[in-house]
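As you go down the protein sequences, you meet chains A and B in turn. In terms of our numbering, the first sequence opens at residue 110 and continues consecutively. In terms of our numbering, the second sequence opens at residue 26 and continues consecutively.
There could be a bad hint or two in this list.
For the chain A half of the interface with chain B, some residues (derived, Cβ under 10 Å), not all of them [stated by the list, open to error]:
id, residue
1, S127
2, A137
3, F149
4, R168
5, T174
6, K194
7, V198
8, Y203
9, S234
Because the hints were derived from the structure by calculation, they are not lab data. Quantities reported herein were computed from a predicted structural model and do not represent experimental measurements. Every residue, glycine too, gets a C-beta built ideally from N, C-alpha and C.
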Amino acid sequence: MSKSFFRDKRGVSEIVASLIILLIVSVAGSVLYAYSLSAFNSSGSSFLLQNNEREERAREQLLITTVWWNVSNDYLNITILNYGKIELVIDAVYIDGGQVLASAFTDGKGETVATQSLVSVKFTSPVSIVDGQNYEIVAVSERGSRYVVYWEA
Amino acid sequence: MNGEADMWFIGKLSRDKQGVGSIVGAVFMLLILLTGFTHYIVNVNVTEIYNEVLQDMGELDLKRNKENIEFISVTFNDDTLNITAKNSGSYNTHLIWLGIFDETSSPTTTQEYYKIDFYVNPAETVANILNVTIPTFEGQERVIQLVTELGNTFTYSYPEEENTSIYDFVDNNTSNIDESDPSDKGTHVFFSAQKAGPDGIYDNLTEANTGTGLTNTTLINQESFEDDWPPLLPSVWSATGRWNKESNEAYDEDNSADFDGGNGQAGDLTTCDLDCSDAEAIYLDFWYRENDAEANEFLLKYFNGADWNDIYDLGSSESEDEWLHYQDKITDSQYFKSTFKIRWTADTNENNDDCWVDFVTVKKEASPINYELDLEAQWTSVDYDEDNEWLSIFCAEMGNEPLLVDVWNSSGNDWQEDVLTLSEGWNSIDVSSYLVSSTFTIRFRGGTETADTNQDTWEIDTTFLYLWTDEP
Chain A
110 MSKSFFRDKR
120 GVSEIVASLI
130 ILLIVSVAGS
140 VLYAYSLSAF
150 NSSGSSFLLQ
160 NNEREERARE
170 QLLITTVWWN
180 VSNDYLNITI
190 LNYGKIELVI
200 DAVYIDGGQV
210 LASAFTDGKG
220 ETVATQSLVS
230 VKFTSPVSIV
240 DGQNYEIVAV
250 SERGSRYVVY
260 WEA
Chain B
26 MNGEADMWFI
36 GKLSRDKQGV
46 GSIVGAVFML
56 LILLTGFTHY
66 IVNVNVTEIY
76 NEVLQDMGEL
86 DLKRNKENIE
96 FISVTFNDDT
106 LNITAKNSGS
116 YNTHLIWLGI
126 FDETSSPTTT
136 QEYYKIDFYV
146 NPAETVANIL
156 NVTIPTFEGQ
166 ERVIQLVTEL
176 GNTFTYSYPE
186 EENTSIYDFV
196 DNNTSNIDES
206 DPSDKGTHVF
216 FSAQKAGPDG
226 IYDNLTEANT
236 GTGLTNTTLI
246 NQESFEDDWP
256 PLLPSVWSAT
266 GRWNKESNEA
276 YDEDNSADFD
286 GGNGQAGDLT
296 TCDLDCSDAE
306 AIYLDFWYRE
316 NDAEANEFLL
326 KYFNGADWND
336 IYDLGSSESE
346 DEWLHYQDKI
356 TDSQYFKSTF
366 KIRWTADTNE
376 NNDDCWVDFV
386 TVKKEASPIN
396 YELDLEAQWT
406 SVDYDEDNEW
416 LSIFCAEMGN
426 EPLLVDVWNS
436 SGNDWQEDVL
446 TLSEGWNSID
456 VSSYLVSSTF
466 TIRFRGGTET
476 ADTNQDTWEI
486 DTTFLYLWTD
496 EP
């Protein structure tokens, strides 16, 4: 009788232990899977995002076709062609390294430019324009594509 | 019994639980691996798409670099702007914007762009590249800009600045300034190719056969069998049976070809191959003699390249023991072969059935072959008063025969010959002494113009006059 009891007790203990181990394995597995899923999603999303940005930047092509300095009102007027495969938005312009302030733009900044279209970007130069001098003009899109032209006033 | 049964049951249960734990762990591991693999596949696909985009954009850049538009002229016709331009690039160009800029210090108008939609094929020159109305600016200074779909811009200053250098490509190949007959000898394949380049597009000049009339060529010249037997001219003849050279009878000099007849004696005297492939007629002339030969014992035969044909029964003559003259003009084209031969066959049945042949002459009448090239090329409206005036020709693969260039000297009204011997690559010569009017003519001529049996072809890429005046 007592032998049978002890044997029964040992049998119950194995069940509990097995259940506990099963629980531990399940919890640990769930935690590990959740972590790995989160890690994969995180890195995957980051990769997809970066890749998407890179791809869009690769498809984006811009060209400053002409620069016109209107002496009468001291506006610089640059015409930009979108010859890429995706629409673009002109975000910033630099003259000899100096950024044109947002308030200095009168036209073109933030305007969506369809492919094969031109946009006229008009602004007051951050540096004074002197006739006959050379200037480096950089146009930058929202995606970060840039086009540099050296222009003689 | 029950206790042992329980223990067995619990022990079994315990083993089952351990198995479930392993399975659960393995499932999680599989899920993790599957998730990782899925992300890997997605990343690979995304990277491939990105690479394809990069490749596409790279190809567009390559095309962009090979795009080139040249302004030929910008004029106004009845206040309508007429732009003529040429695509000197390698790809079809799509013009999408026309810019007109007033870059004077006090511009009267703003800088304007006009939307256009015009395709220009490589090497194509097109006029009226506009589908919009442009306010006239005739006589005023403007900068005109064409913008292409691939992102190139090409500019032109209007009105046209005085050119300091001009590339004037050849205009036509229809002149006959020397009034030669025929006006051209030889052919162009694609003369327009000379009007642009060098661009790898060639005009092939090919000689034409100008041989005319008929000439006689002697193949066997009065063979009288005096020297070698069988004769060796023009190459070795053959003789079988009793054919030999003997002096017992001779029409000319001391010997003749002689066949001593006899019962069952037969033999052939055969000339060598006589090339009559270009013949229009063959003339055979010889003297013969027989003694007691009967019909079919002394035959004349011709070879047509395949078979021997009996032509004449020389033994059927009743005039024996005297020299008889045989002449024939062969016009049957079956004998106009490179292996044409003549045979005298003797097949006798008695002694004294003797046969003789002497003084054999064979001539052929044929059209001569002579490949010549004489092709004029002419410029009209040439700016002939520049300080420097050079003729430049770019050639590719050349024929074996030299290709010469003559220049028409209008003051002497004749050709100044051999001013250039063309070779592969650039060929240039100062022609200022010949360029004295708005019309300038050259002639391409083959280096061998008589008895030229080889037809040559030369590849010409471009031909132009380079005209310029040095800046003061």
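Checklist line | Interface hint compliance - F149 of chain A to chain B, C-beta minimum distance less than 10 Å | finding: holds (5 Å)
Next item on the list: Let me know if the C-beta of S234 of chain A comes in closer than 10 Å to any C-beta of chain B, holds or violated.
Entry: Violated - the Cβ of S234 of chain A stays beyond 10 Å from chain B, reaching only about 17 Å at its closest.
Item checked: Restraint outcome when V198 of chain A is required to lie within 10 Å of chain B by C-beta distance -> Cβ of V198 of chain A sits 18 Å from chain B, so the hint is violated.
Item checked: Cut-off 10 Å, beta-carbon criterion: hint that S127 of chain A touches chain B -> holds (3 Å)
Notebook entry, point to check: Quick one, is the K194 of chain A hint okay against chain B at 10 Å, beta carbons?
Noted result: holds (8 Å)
Next item on the list: For the hint on A137 of chain A, just tell me whether its beta-carbon gets within less than 10 Å of chain B.
Entry: holds (8 Å)
Notebook entry, point to check: For the hint on Y203 of chain A, does the least C-beta distance to chain B fall short of 10 Å?
Noted result: Violated, because the Cβ-Cβ distance from Y203 of chain A to chain B comes to roughly 21 Å (cut-off 10 Å).
Notebook entry, point to check: Hey, does the R168 of chain A contact hint survive, CB to chain B under 10 Å?
Noted result: holds (6 Å)
Note to self: Holds or violated: the hint that T174 of chain A contacts chain B, with Cβ atoms closer than 10 Å.
What the structure shows: Since the shortest Cβ distance to chain B is 5 Å, the answer is holds.
The structure fails hints 7, 8 and 9 (numbered hints given earlier, in ascending order).
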